[in-house]
Amino acid sequence: MLYIAFIFGACLLIGIPIAFCLGLSGLFGLWKIDVISYQVLAQRMFTGLDIFPLMAIPLFILAGSLMEAGGITRRLVDFSNLLVGHLKGGLAHTNIVASMLMAGISGAGVADAAAIGALLIPSMKKEGYSPEFSAAVVAAASVSGPIIPPSITMVVYASIVGVSVGGLFLAGIIPGVLLCLSLMVLVFFMARRHNYVWRSRRSTIKEMARGFLSAASALVMPAIIIGGIVGGIFTATEAAAVAVAYAFVIGVFVYKQIPLRNLRMHLITAGKTSGSILFIIACANILAWVLASQQVPQMLTEYMLSLSTNPYLILLVVNVFLLVVGMFLETGAAVILLSPILHPALTGMGLHPLHVGLIFVLNLSIGLITPPVGICLFVTCSIANISLEKLAKAIIPFLLVEFAVLFMVSFLPGLVLCIPRLFGFA
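According to the numbering used here, the sequence shown is numbered sequentially starting from 191.
By construction, these hints were calculated from the structure, which means they are not laboratory data.
Each residue gets a CB set at the ideal place from its N, CA and C atoms; glycine is no exception.
Do not rely on the hints blindly, as some may be mistaken.
Below are the DSS-like pairs computed for lysine-lysine, each with C-alpha atoms no more than 25 Å apart in a straight line [as the list claims (entries may be wrong)]:
{"no.": "1", "residue 1": "K396", "residue 2": "K580"}
{"no.": "2", "residue 1": "K222", "residue 2": "K580"}
{"no.": "3", "residue 1": "K278", "residue 2": "K396"}
Derived Cβ-Cβ restraints for the label pairs, each shown as a range [unchecked claim]:
{"no.": "4", "residue 1": "V507", "residue 2": "Q485", "range": "32 to 38 Å"}
{"no.": "5", "residue 1": "S498", "residue 2": "R264", "range": "17 to 23 Å"}
{"no.": "6", "residue 1": "R391", "residue 2": "S498", "range": "54 to 60 Å"}
{"no.": "7", "residue 1": "L453", "residue 2": "A406", "range": "19 to 25 Å"}
{"no.": "8", "residue 1": "R454", "residue 2": "G540", "range": "16 to 22 Å"}
{"no.": "9", "residue 1": "T394", "residue 2": "L453", "range": "36 to 42 Å"}
{"no.": "10", "residue 1": "E428", "residue 2": "L453", "range": "20 to 26 Å"}
{"no.": "11", "residue 1": "V514", "residue 2": "I458", "range": "35 to 41 Å"}
{"no.": "12", "residue 1": "G538", "residue 2": "F613", "range": "47 to 53 Å"}
{"no.": "13", "residue 1": "K446", "residue 2": "L590", "range": "21 to 27 Å"}
{"no.": "14", "residue 1": "L590", "residue 2": "L497", "range": "37 to 43 Å"}
{"no.": "15", "residue 1": "F378", "residue 2": "K580", "range": "37 to 43 Å"}
{"no.": "16", "residue 1": "E397", "residue 2": "P207", "range": "15 to 21 Å"}
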């Protein structure tokens, strides 16, 4: 299988889009095993998409787009500022809490970085925060987007490896909150060291209640999605459809910030984004079928077991491997390419499928802020108008904190599994 890795790496290096890198590698693999035919090619691409939970992807993307256009982001930022703006480094804390709340709506780190960054980076710079620090906080907090449910990355992962979407959503709650709290601790000490300004007056109960009521429509959405899935009222895909209907009603009739004439634009944008993701999945399924037919997952499992019988030692190696992969490969593509190989290898060693899934998603989500291909770094660089080199240096303390959370989650599975167990998913 080395020739497939060579073809894939060569295509990446010369700048071919990731979907075609996967498709060409799979096509070359079919040729090597003498199964090359247009019928097999089309069949593999179709079966890669013929998975009911994948229908949730365009629906969650559309719901997130409608909620953002409906003025949700500004209300969440204002409410977050009322809650934590009085802490040292007030706007930075506001940034993190707002990202955590936005994660329950958008399900994507890049969307969080763009929406929150556009609102708060200019304000932070005006208040005396350095551009590098402002951009680093936004980028680091955006990692919670794919961890706190609902999560588009989790839907893709669960669909590919066959685990419960609802169970994986629940598994992300504690790690996502722990990630944000850890970043807030770091921000507190950095703000004290650099003497950044903050709002000295605490918000009154009346002000917080008013802010909560203003943001309540947004805060209810994650509760509807998770509550409906856990309660057995609807599936993850049906939950995504409910989210779209809810976002439409809130944006058009409650907040009245989405004119009906703009719906066509949101539908087209969601369609384009969904199309690119689903095309990657279709192309990746060709390669996944080739690897499965050559028993690569089984060989990898046997190789890992030959290294050690301790699953946590193997997990440490896998963590390092995924962090390196996340530095060079886009999150969705890495999930699609590697999950069919590593998931059965790790679960075969006795690790819980939901634990493995959360570790997988968290590792690759951290890749959103690791150079050289950290997409959120490029987003926040452009908003803050700074170079990637400056931001890469400023992001290091935040990366170290997120690495610490990653290893806590990896070696303390109770953090991941306790909520799924309460609801019968683990």
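Structure-based check of all given hints:
| no. | hint | in the structure |
| --- | --- | --- |
| 1 | K396 / K580 | violated, 41 Å |
| 2 | K222 / K580 | violated, 45 Å |
| 3 | K278 / K396 | holds, 22 Å |
| 4 | V507 / Q485: 32 to 38 Å | violated, 21 Å |
| 5 | S498 / R264: 17 to 23 Å | violated, 51 Å |
| 6 | R391 / S498: 54 to 60 Å | holds, 56 Å |
| 7 | L453 / A406: 19 to 25 Å | holds, 24 Å |
| 8 | R454 / G540: 16 to 22 Å | violated, 51 Å |
| 9 | T394 / L453: 36 to 42 Å | holds, 39 Å |
| 10 | E428 / L453: 20 to 26 Å | holds, 21 Å |
| 11 | V514 / I458: 35 to 41 Å | holds, 36 Å |
| 12 | G538 / F613: 47 to 53 Å | violated, 26 Å |
| 13 | K446 / L590: 21 to 27 Å | violated, 44 Å |
| 14 | L590 / L497: 37 to 43 Å | violated, 27 Å |
| 15 | F378 / K580: 37 to 43 Å | violated, 23 Å |
| 16 | E397 / P207: 15 to 21 Å | violated, 49 Å |
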